Amino acid sequence: MSADKELQTIAGIDRAIHAPARLMILAYLAAVDSADFIFLMNQVGLTRGNLSSHLSTLEEAGYVSITKEFVEKMPCTLIRLTDAGLNAIQTYREQMRIVIDELLNNKKKGA
Amino acid sequence: MKTEDFGPIKRKVYLAYHQDGILDLTAGMVVLGFGTFMLVDNVIFLVVGSLAALQYIFWKNRITIPRYGFVRVNSQEKSTLQGILLMGLGVLVLFAFLILNYFSPGKMASPEFEAWSQRYHMVPLSAVLFGLPALGAAVFLGLKRFYLYALLAVVLPALGGWIDLPTYAPILSLGMIILVTGGVLLVRFLKTYPLDRENRGDVS
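If you're matching them up, the sequences are chains A and B in order. If you read the first sequence in my numbering, its first letter stands for residue 1, the second for the next number, and so on. If you read the second sequence in my numbering, its first letter stands for residue 1001, the second for the next number, and so on.
If you are wondering where the hints come from, they were derived from the structure by calculation, not from laboratory data. One should not assume that every hint holds.
Straight line, CA to CA, 35 Å or less: simulated DSBU-like cross-link-like pairs of lysine-lysine [what the hints assert, rightly or not]: (1) A:68 x B:1191; (2) B:1060 x A:68; (3) B:1144 x A:73; (4) A:68 x B:1012; (5) A:73 x B:1060; (6) A:73 x B:1012; (7) B:1060 x B:1144; (8) B:1191 x B:1012; (9) B:1191 x B:1060; (10) A:73 x B:1191; (11) B:1012 x B:1144.
Note that the coordinates shown come from a computational prediction; the quantities given were computed from them, not determined experimentally.
Start from the sequences and build out the full structure, keeping to the hints where you can.
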C-alpha cells in the first residue's frame, strides 16, 4: 500500500467513533445491554455536559438509542448500542488495524 | 466482531456493581439473625434477619444506582454442568445432614458416633443453610469472596464443635465476618462513588 492509500484509509475513519470519549462510550455500551447516564459518566469520566454532547453525536450517527423507561418505578434514561453502532465499531477496528499494520510494515521496509 | 470481545469490560462492570457490600450486609444480617435466634431462642430475630434479606433491592436502588448508575448486564453465562454439580453437592450435604440428625442417633450408630454427630451437627446444618447459598452466589454471580463465606460456613461450626463452643457462637462469628466485610465494602464504595446531587435522577 502506498503512503497515499494509507492516508486515504485514515481519512475514511469514522469521526463519530474516533474521538476517545465516544470510543469509550461505545465500548462500554457494547459490553452491556443498556446503561443510564450516571453509569456512563462514572465509567468514562466526563462531565454531564460533555457526555450529553458526545451522546448526541452518537445518537445522530445512529450508533446509540436513548430511551426513557421506568426501572424499579424510577424514571431512567437508558442508552443502548444499536446494530449500526456495533457494525461501526467493527469497521473502525478493521480500519485501524490496517493502518497500523501498513505503517509498521513500511517502517520495517524503510529500516 | 461479537460483543463477547468486550468480555473484560463486561466482567469489570458486573463485579463493580456488586462491590457495594449490600449483598454481604443482607447476608450477614440473615446469618446474625439466625445466630441470635439460637442464642436467645426468640423467633423474632429469625424474622428480622429474613426481613433484612428482603430489603436488598430497596438498598440497591437507594445506595448503588444513584451513585454508580444503572446498568443492565447479561447474566453471567455459566455452564449447566456447574449448576448440576452445585445441586448435586447440595443434595449430598442435605443427605449427610439427614443421616447424622435423624437416622443415626439411637438406631444404628455407636455411642461414639452419636456423640460425634451431636458435637458436629451444626456443620451440615450451616453448610446447607449458609454454605450452599454462598457457594451459589460465588459460582453464579462470580463473587469470589463468597467462596470464602461458603468455606467459613463449614469450617467455623467444625472448629466450634472441636473446641466445644456453644452452637450459636460459630454462626454469630460467621454473621459478624460477613457483616463487617459488607460494611468495609460499602464504605469503600461510598468513597469511590460519592453522591453527585447535580447528576441524580433522570438526566439525559
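Now the hints, each set against the structure:
The straight-line distance between the Cα atoms of residue 68 (chain A) and residue 1191 (chain B) is roughly 29 Å, inside the 35 Å bound, and the hint therefore holds. Taking the CA atoms of residue 1060 (chain B) and residue 68 (chain A), the gap is near 20 Å; set against the 35 Å cutoff, the hint holds. The straight-line distance between the Cα atoms of residue 1144 (chain B) and residue 73 (chain A) is roughly 31 Å, inside the 35 Å bound, and the hint therefore holds. Note on residue 68 (chain A) and residue 1012 (chain B): the hinted pairing holds, with a Cα-Cα distance of about 26 Å set against a maximum of 35 Å.
With a C-alpha separation of about 13 Å, the suggested pair residue 73 (chain A) and residue 1060 (chain B) falls inside the 35 Å cut-off, and the hint holds. For the proposed pair residue 73 (chain A) and residue 1012 (chain B), the alpha carbon gap of about 27 Å is at most 35 Å, so the pair holds. Between residue 1060 (chain B) and residue 1144 (chain B) the CA atoms are separated by roughly 20 Å; this keeps the pair inside 35 Å, and the hint holds. Of the supplied pair hints, the one linking residue 1191 (chain B) and residue 1012 (chain B) holds, its CA atoms being roughly 18 Å apart against a limit of 35 Å.
Between the alpha carbons of residue 1191 (chain B) and residue 1060 (chain B) the distance comes to roughly 16 Å, so the proposed pair stays at or under 35 Å and holds. This hinted pair checks out: residue 73 (chain A) and residue 1191 (chain B) have alpha carbons roughly 27 Å apart, not beyond 35 Å. Note on residue 1012 (chain B) and residue 1144 (chain B): the hinted pairing holds, with a Cα-Cα distance of about 13 Å set against a maximum of 35 Å.
Checked against the numbered hints above, the structure breaks none of them.
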